[in-house]
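Chemist: So the sequence lines, in the order shown, correspond to chains C and W. Going left to right, the first sequence walks through residues 1 to 237 as my numbering numbers them. Going left to right, the second sequence walks through residues 1 to 412 as my numbering numbers them.
I should point out that these hints are in silico values taken from the structure, not numbers from a laboratory.
Just the calculated beta-carbon pair ranges, DEER-fashion: (1) C/R130 - W/S404: 29 to 39 Å; (2) W/S404 - C/Q14: 30 to 40 Å; (3) C/M155 - W/N307: 25 to 35 Å; (4) C/T217 - W/D407: 25 to 35 Å; (5) W/P374 - C/G159: 53 to 63 Å; (6) C/A90 - W/T295: 37 to 47 Å; (7) C/A90 - W/P375: 38 to 48 Å; (8) W/E315 - C/Q14: 41 to 51 Å; (9) W/R8 - C/M155: 16 to 26 Å; (10) C/Q234 - W/G4: 48 to 58 Å.
For each residue, glycine too, the CB sits at the ideal point set by N, CA and C.
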Amino acid sequence: MEVVLAESDPTSAQDLLVLKDIGKRYQLGHLFVEALRGVSFTVVANDYVAITGPSGSGKSTLMHLIGCLDVPTSGDLTIAGELVRDLDQAELAEIRNRRIGFVFQQFNLLRTMTAQRNVELPLLYAGVPRKERRDRAAALLERVGLGRHMNHHPMELSGGQQQRVAIARALVNEPSIILADEPTGNLDSQSAEEVLGIFEELNQLGRTLVVITHDATVAARASRALHIRDGQLQEVS
Amino acid sequence: MTWGQLVRSALEAIQWNRLRSLLTVLGIVIGIAAVMVTVGLGEGAQAKVSSKIAALGSNLLTVAPGSTSAGPGVRRGLGSASTLTMADAAALSSRVVAPAVAAVAPLTSQHETLTNGAIDWPTTVDGTTPSWLGIRSRSVEIGRFINAQDEASSADVVVLGALTAQELFSTSNPIGRVVDVGPLPMTVIGVLTPVGSGTSVTSNQDDLAIVPISTAQGSLMGISANDSVQSILLRATSSSTLSAAYQEADHELMMLHGVTNPANADFTITAEQSLFSAATSISATLTALLAGIATVSLLVGGIGVMNIMLVSVTERTREIGLRKALGAKPSDIRRQFLVEASVLGVCGGLIGAALGLLGQLLLPSLISNPVIIPPIVTVAAIAVALMISLLFGVYPAARAAQLSPIDALRSE
Numbered sequence: 001m002e003v004v005l006a007e008s009d010p011t012s013a014q015d016l017l018v019l020k021d022i023g024k025r026y027q028l029g030h031l032f033v034e035a036l037r038g039v040s041f042t043v044v045a046n047d048y049v050a051i052t053g054p055s056g057s058g059k060s061t062l063m064h065l066i067g068c069l070d071v072p073t074s075g076d077l078t079i080a081g082e083l084v085r086d087l088d089q090a091e092l093a094e095i096r097n098r099r100i101g102f103v104f105q106q107f108n109l110l111r112t113m114t115a116q117r118n119v120e121l122p123l124l125y126a127g128v129p130r131k132e133r134r135d136r137a138a139a140l141l142e143r144v145g146l147g148r149h150m151n152h153h154p155m156e157l158s159g160g161q162q163q164r165v166a167i168a169r170a171l172v173n174e175p176s177i178i179l180a181d182e183p184t185g186n187l188d189s190q191s192a193e194e195v196l197g198i199f200e201e202l203n204q205l206g207r208t209l210v211v212i213t214h215d216a217t218v219a220a221r222a223s224r225a226l227h228i229r230d231g232q233l234q235e236v237s
Numbered sequence: 001m002t003w004g005q006l007v008r009s010a011l012e013a014i015q016w017n018r019l020r021s022l023l024t025v026l027g028i029v030i031g032i033a034a035v036m037v038t039v040g041l042g043e044g045a046q047a048k049v050s051s052k053i054a055a056l057g058s059n060l061l062t063v064a065p066g067s068t069s070a071g072p073g074v075r076r077g078l079g080s081a082s083t084l085t086m087a088d089a090a091a092l093s094s095r096v097v098a099p100a101v102a103a104v105a106p107l108t109s110q111h112e113t114l115t116n117g118a119i120d121w122p123t124t125v126d127g128t129t130p131s132w133l134g135i136r137s138r139s140v141e142i143g144r145f146i147n148a149q150d151e152a153s154s155a156d157v158v159v160l161g162a163l164t165a166q167e168l169f170s171t172s173n174p175i176g177r178v179v180d181v182g183p184l185p186m187t188v189i190g191v192l193t194p195v196g197s198g199t200s201v202t203s204n205q206d207d208l209a210i211v212p213i214s215t216a217q218g219s220l221m222g223i224s225a226n227d228s229v230q231s232i233l234l235r236a237t238s239s240s241t242l243s244a245a246y247q248e249a250d251h252e253l254m255m256l257h258g259v260t261n262p263a264n265a266d267f268t269i270t271a272e273q274s275l276f277s278a279a280t281s282i283s284a285t286l287t288a289l290l291a292g293i294a295t296v297s298l299l300v301g302g303i304g305v306m307n308i309m310l311v312s313v314t315e316r317t318r319e320i321g322l323r324k325a326l327g328a329k330p331s332d333i334r335r336q337f338l339v340e341a342s343v344l345g346v347c348g349g350l351i352g353a354a355l356g357l358l359g360q361l362l363l364p365s366l367i368s369n370p371v372i373i374p375p376i377v378t379v380a381a382i383a384v385a386l387m388i389s390l391l392f393g394v395y396p397a398a399r400a401a402q403l404s405p406i407d408a409l410r411s412e
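I would like the entire structure built from these sequences, with the hints used as guidance.
Modeler: Structure follows, in structure tokens:
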């Protein structure tokens, strides 16, 4: 039985992210907006995918769905073998916590906390004990070159440093996918280069990355780029 | 997230915005302090009244001539003369007639000027019997009180109140000295222990002179063999037998005076305590009123907390979105804001309680009224502050928990 099931299943264990005919419809007053129309693609382990497209193309909607911040209105979304469907807010929160590591354009660090405690946050919601949280956060900050800034507050760090803290935070709970939304959008070119360098290094170490960007130079660094326009995938390069 | 982590992050958030947090809980701080001081004032007044009752001699009944019953004019018994006599007092002291009455002291009272050489001192001169001392719960500081022998021989002896003695003799020992009580020279045999002055309910209890009642009735009033008395003090055997003592005395005096209809009684019996229960109930009413105002201010304080918590939720929408993106469940967010409201409430309660206790220290010297805040009230006040903040934190916390992570992340 098991063999038959495995054969009939088109997804393999290597497929971390599978989108099958994904649609997303919003209601704005009396108006229905089709943000996504039948988007299908697969991201395998150790992939480095850039999703590009102009604003209003459905790029952000796609990012929200992949990040489990929202659920599709049609189609199947599978993350690391888990089908994301009919889940409530608490269950979605758990998937986000375990499977997704977010990197935002605005960094989104909590200003009241030190770099180390910011990195610890996902572990806090995962219920990891204090000692382990501290050690893991410290190790990752060390890895992104901020070992000496662990007790700094975000306001005491440069934009590039803040984004590196955010990357450490995205990595801390060993997620399946690192999901970055315009990660270099608020950075100068040198800091942007640093961040992209870290992404490449992570990819070489076996990490899976999905980067949403409108910046062609950022997209060019990925292994492949998906272009989205009017809610549909245009081409796969 | 564990409770410890929640409290820690709540403290961080509060510390981050210290001034605003303080302003948030100001209503609660003032409310708690007000409630505590109000309760303290009430308790203080109660304690003051209780101690006064004890000082005057509890379980005390006073029989006065005349009737308070309704009717045209005031009944004065037989003309202007007192209807109470030494015989009445003697009858009431019988254990058989009035078993609930422990002691009886007849009393005549008049104003006289006491003279020691060049010093004149007008005061109240009470003629009474040795049992007065026990009934009034007084004691003699130096010398002795009047005794049965003084009573029998109508001795010209006087016992002075502490203040009276001081006014007449300054610091020198008055025992054995002669003082003119009105026209009569009398020997000072004792000085009463002071009970403290400034009582608002009765006249100064340290300014008086006591003489044997036989002396007062005879030589002082200038009418020999007059055995009428102005009032009779009765002490019940205990506070629980006060009403029994009242009934026994009432019954016996009606019989002695040949009165059958209680409405025609030519005497009135009052309990000293009734005076104080009136005073106590007035202070209780005032306390209730103030407590009501304080409670309203606490409620307003709670609404203030809710208002600021709502502002805080709006302001921290982005933080909430981020926490949700990182894996916070709606229940985590709700708990975070509830704990924050609670921590604010406890901080406000602690500050309020500190102010209340400071009031307990400082107020008595300003308003000459004792402020007694029982420890349980302090604990309760902090608990109330916590409960109010928690109550008014529920709605903001629910709002935060229901925020959509996308909208929250998008906000700027």
